[in-house]
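Same order as they appear, the protein sequences are chains A and B. Take any residue in the first sequence, note its place counting from 1, add 921, and you have its number in the numbering used here. Anchor point for the second sequence: position 310 equals 307 in the numbering used here, and the numbering is continuous, going up by one each time.
Among these hints, one or two may not hold up.
Simulated restraints, written as ranges between beta carbons of each label pair [stated by the list, open to error]:
(1) LYS282/B <-> LYS1225/A: 54 to 64 Å
(2) SER19/B <-> THR978/A: 38 to 48 Å
(3) ASP1226/A <-> ASP223/B: 26 to 36 Å
Taking beta-carbon pairs under 7 Å as the criterion, some of the chain A residues facing chain B (in silico) [unchecked claim]:
(4) SER969
(5) GLU1032
(6) GLU1105
(7) ASN1109
(8) PRO1110
(9) GLN1235
(10) ILE1265
(11) TYR1288
(12) TYR1291
Just so you know, the hints here were simulated from the structure itself, not pulled from any lab data. Backbone N, C-alpha and C fix where the C-beta goes; we use that ideal spot for every residue, glycine too.
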Amino acid sequence: MIREPLIFEISDPGKRAYVLPESDVPAREDALEDVPLRDEIAGFPQVSEIEVVRHFTRLSQTNYCIDIGLYPLGSCTMKYNPKINEKLAGLPGLSAVHPLAPEESVQGNLEILKRSEELLCEITGMDAFTLQPSAGAQGELLGMMLIRACLTGRGDPRTTVLIPDSAHGTNPSSAHVCGYKVREVKSNPEGTIDLDDLEANMTEEVAAIMITNPNTLGVFEKDIRKIASIVHARGGLVYMDGANMNALMGTCRPGDMDVDVIHLNLHKTFSTPHGGGGPGSGPVGVKLEMEPYLPMPVLNREGKDLRWDFDRPQSIGKVRSFFGNFLVVVKALAYILALGPDGIREVSEFAVLNANYIRKSLEDEFYLKYETDTLHECVFSDKKQLEYGVSNLDIAKRLIDLGVHPPTMSFPLIVHGALMIEPTETESKRDLDHFIEAMKRIAREAGENPDILKSAPHHSYVRRLDETKAARNPVLRWTAENETRD
Amino acid sequence: MSYLSLSDKDKKEMLSKLGVDSPGDLFRSIPDEIKLKRRLRIPEALSEPEMLEYFEHAGLRNDFVKGLSFLGAGAYPHVIPTVVDYLSSRGEFVSPYTPYQPEVSQGTLQIIFEFQSLICQLTGMDIANASLYDGASGAAEAVLMAQRLTRKSKVLVAKTLNPQYLQVICTYIRNLDVELEEINFNESGRIDMDDLRKRMDDTTAVVVTQSPNFYGVIEDLQAISDLAHENKALSAVVVSEAVSLGLLKPPGEQGADIVTGEAQSLGMPLSFGGPFLGFMACGKKFVRQFPGRIAGQTADEDGKRGYVLTLSTREQHIRRERATSNICTNQALCMLRAAIYMETLGKDGLRELAVRNVDKAQYALEKLCELPGVRKLSGPIFNEFVLEFDRPWHELEGVLRGRGLFGGLAVGGFSSGNDRCVLCCVTEVHRRGDIDLLVSTLKEALKS
Chain A
922 MIREPLIFEI SDPGKRAYVL PESDVPARED ALEDVPLRDE IAGFPQVSEI EVVRHFTRLS
982 QTNYCIDIGL YPLGSCTMKY NPKINEKLAG LPGLSAVHPL APEESVQGNL EILKRSEELL
1042 CEITGMDAFT LQPSAGAQGE LLGMMLIRAC LTGRGDPRTT VLIPDSAHGT NPSSAHVCGY
1102 KVREVKSNPE GTIDLDDLEA NMTEEVAAIM ITNPNTLGVF EKDIRKIASI VHARGGLVYM
1162 DGANMNALMG TCRPGDMDVD VIHLNLHKTF STPHGGGGPG SGPVGVKLEM EPYLPMPVLN
1222 REGKDLRWDF DRPQSIGKVR SFFGNFLVVV KALAYILALG PDGIREVSEF AVLNANYIRK
1282 SLEDEFYLKY ETDTLHECVF SDKKQLEYGV SNLDIAKRLI DLGVHPPTMS FPLIVHGALM
1342 IEPTETESKR DLDHFIEAMK RIAREAGENP DILKSAPHHS YVRRLDETKA ARNPVLRWTA
1402 ENETRD
Chain B
-2 MSYLSLSDKD KKEMLSKLGV DSPGDLFRSI PDEIKLKRRL RIPEALSEPE MLEYFEHAGL
58 RNDFVKGLSF LGAGAYPHVI PTVVDYLSSR GEFVSPYTPY QPEVSQGTLQ IIFEFQSLIC
118 QLTGMDIANA SLYDGASGAA EAVLMAQRLT RKSKVLVAKT LNPQYLQVIC TYIRNLDVEL
178 EEINFNESGR IDMDDLRKRM DDTTAVVVTQ SPNFYGVIED LQAISDLAHE NKALSAVVVS
238 EAVSLGLLKP PGEQGADIVT GEAQSLGMPL SFGGPFLGFM ACGKKFVRQF PGRIAGQTAD
298 EDGKRGYVLT LSTREQHIRR ERATSNICTN QALCMLRAAI YMETLGKDGL RELAVRNVDK
358 AQYALEKLCE LPGVRKLSGP IFNEFVLEFD RPWHELEGVL RGRGLFGGLA VGGFSSGNDR
418 CVLCCVTEVH RRGDIDLLVS TLKEALKS
């Protein structure tokens, strides 16, 4: 496939892709006489509309995506993105609305926000939700801020947050941005939190524990209420990273498991598209005690109307401008309304069925560190393949040749050479079997022909890329000098 | 609706392979006492036509859409070329994952590289990232970055910064050892350089200014940056109306060390506030402390050019608690829209658009200032301006609303406790007739 050039490389003076209407007001160059103005925007493209369309269309064709095939990415919940949701978020009646418009003139959008909060409360068993955070990580940060505010309100914010050794990188990162120190809690041989290690680490300096349930191994923390009681007994709070909510919906609720604060990822569990890296949305749900600290403004029902409440003296402030990623929330609300109570429960049931089917199908070929029951995801390792010098990286790159996106790699850190697999509930048995066959083939090739794995991928738009060179000699933008044509 | 894909036969086969009767049997690891014993109390499932009806009905309850609005203040109405929606709705752009596997993500990665390059060109800086959540969190990340770089604890922020951005900065620094002071402004609407000089000392990490500022006024960025540098502080410039960069001298050519802000104007609808598009750019020497995802150019095994996410040791998935930011998912699809927008408008188009905004705003400003008792700030503006009336704005607003007009945002204005000021935004979407209608309706309102 011919390499698509950079837009700057096909740009030339005299080409236009867009035309403004004739101006109906006088030209006013004099208005900015005393203001430094720029020269022309050096290097900015000059192309025609067809060139823009071909450029982006060709580039799109080099992307793998859910609309093409499975993403068995653990903890990412890459489920199908319903097309109706795109249409709904594009309705001008919803999207052409200014966030600062007077409340009376935007009751429709306010109803969408409030309804979403209420439904998320019911699904998670929490008392109140904020839709302000733009992504899971921002939700985690907000969760940490709420914990700090709540404990400060009780008299002592404390200094430390406990995080299991299997946690996602955003957990310690978010705790740190909030000014907390991080202390690791070990996992036991079943892959769940070691209760003795927790007891030992749960001191009066600990503000909270950040848990993921089911954890990043796909294992349900069955001692969750005991974990919560150990933490609560010493005055701490329980934060749940809700990234793995896809395993639980309709079956159990974090609020019923003594969780104090939770964040959700709408771009995971609630089907809003990943878009190649966002926009997501990371709503945060809390129990009543933390409600006063929620970011402002808060949306309240007053009779038939919805009103913003800015009078929130205990609020932690704002984590972003306006109200959050509203159009992303529209898609999540649409999803919940489309599925209803039975559909929502079936999401989790079939997510767990699909994952267990894969686990059972591959447990002979690939090493499973933990024998424990798993729910919606499972973590294999490259241990057996390492005997032939084949690592999880090679397995990943060979999967690309076989038409599948690789699973999550090298995470969680407690499994060496990890391959974390989460198919989600929207995959057909045919697509699951295609993935299983590809993995079995790779396991065979590891023994018979390891070189074909180590030099993979062979059939992709680019071969294996030199990431070391990219970091050592960073080229992070186009300039006329660093043009390299193929 | 249902998005499941298993046939009855499939389910039977899979359940049989697992030795269970139903999917519910696979949840035995969840203690019974925790399990929900009832159905979720959420509305029964809807079909597509019913969903359309629900959301279209919500749209009808938004009277705003039927009116004529001059609201800006951090969210700007602009025309969006058709190709932006068309191209960004492709499944290959909407439904992929983050490009951690570069061999199957060259589309996304090359577009990130192009976006970074375009932002560098617009802002006059060396490096840009793949996006942040919005302008407000961009401002907060800039403060945190400056603090990490200088190891100093005082942050000076212009009072003319968008108040929501200030609020977000304060929320982010609350739990850190950072002390924030606000710089006053004068009757021009620009920050007071004497006040800035007074507050600056050797504990100052960074000066944060917005231009055009919240009141629409263009600041003297060179003077501010020079003063910051004299005191070994950094100059961080926030741009909340990205179209202004099509005409105004970029902050990078006026001494800025960090440029951040909001790129919603480059192809995002008003969206009731989100998703928007934060951007950030800085000088090469600060790259190790720069937050956010970055794409870099490299070569593959055959020596052919390709793109990868790079310098990941700054990020949370590698560095965990020592990362430069906790950001993971950012605003990639919005970034794509902005890249399409910028490449479509192009060098000449973006400048013409910026000039058009100036012309429209000047026309409106001139006509409005002819009204009795109306005053304006003396500083130069781009496409937003503050007007002070001789009576409370909410009285005038009532008349405007009655005619379906949203005249602007009530602001405290330059004298504190002033309820007679409004912040008005005029862009290329406003026709001469729209502006004339605003003027004539206000004229009427002032008479009554």
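Hint by hint, here is what the structure shows:
Taking the beta carbon of each, LYS282/B and LYS1225/A are about 58 Å apart, inside 54 to 64 Å as hinted. At roughly 45 Å, the beta-carbon separation of SER19/B and THR978/A lies within the given 38 to 48 Å, and the hint holds. Taken as a hint, the range 26 to 36 Å is violated for the pair ASP1226/A and ASP223/B, whose Cβ atoms sit roughly 51 Å apart. Against a cut-off of 7 Å between C-beta atoms, the interface hint on SER969/A is violated, since the closest Cβ of chain B lies about 9 Å away.
Proximity of GLU1032/A to chain B holds as hinted, the smallest CB-CB distance being about 6 Å (cut-off 7 Å). Annotation: interface hint on GLU1105/A violated; nearest CB of chain B at approximately 10 Å, more than 7 Å. The closest approach between the C-beta of ASN1109/A and any C-beta of chain B is roughly 15 Å, which is over the 7 Å cut-off, so the hint fails. Checking PRO1110/A against chain B by beta carbon gives a least distance of about 15 Å; that is not within 7 Å, so the hint is violated.
Here the hint on GLN1235/A is broken, as its CB sits about 13 Å from the closest CB of chain B, past 7 Å. Checking ILE1265/A against chain B: minimum C-beta separation of about 6 Å stays under 7 Å; hint holds. Taken as an interface hint, TYR1288/A does not check out: its beta carbon lies about 20 Å from the nearest beta carbon of chain B, beyond 7 Å. Proximity of TYR1291/A to chain B is violated relative to the hint, the smallest CB-CB distance being about 12 Å (cut-off 7 Å).
Hints 3, 4, 6, 7, 8, 9, 11 and 12 from the earlier list are contradicted by this structure; the remaining hints agree with it.
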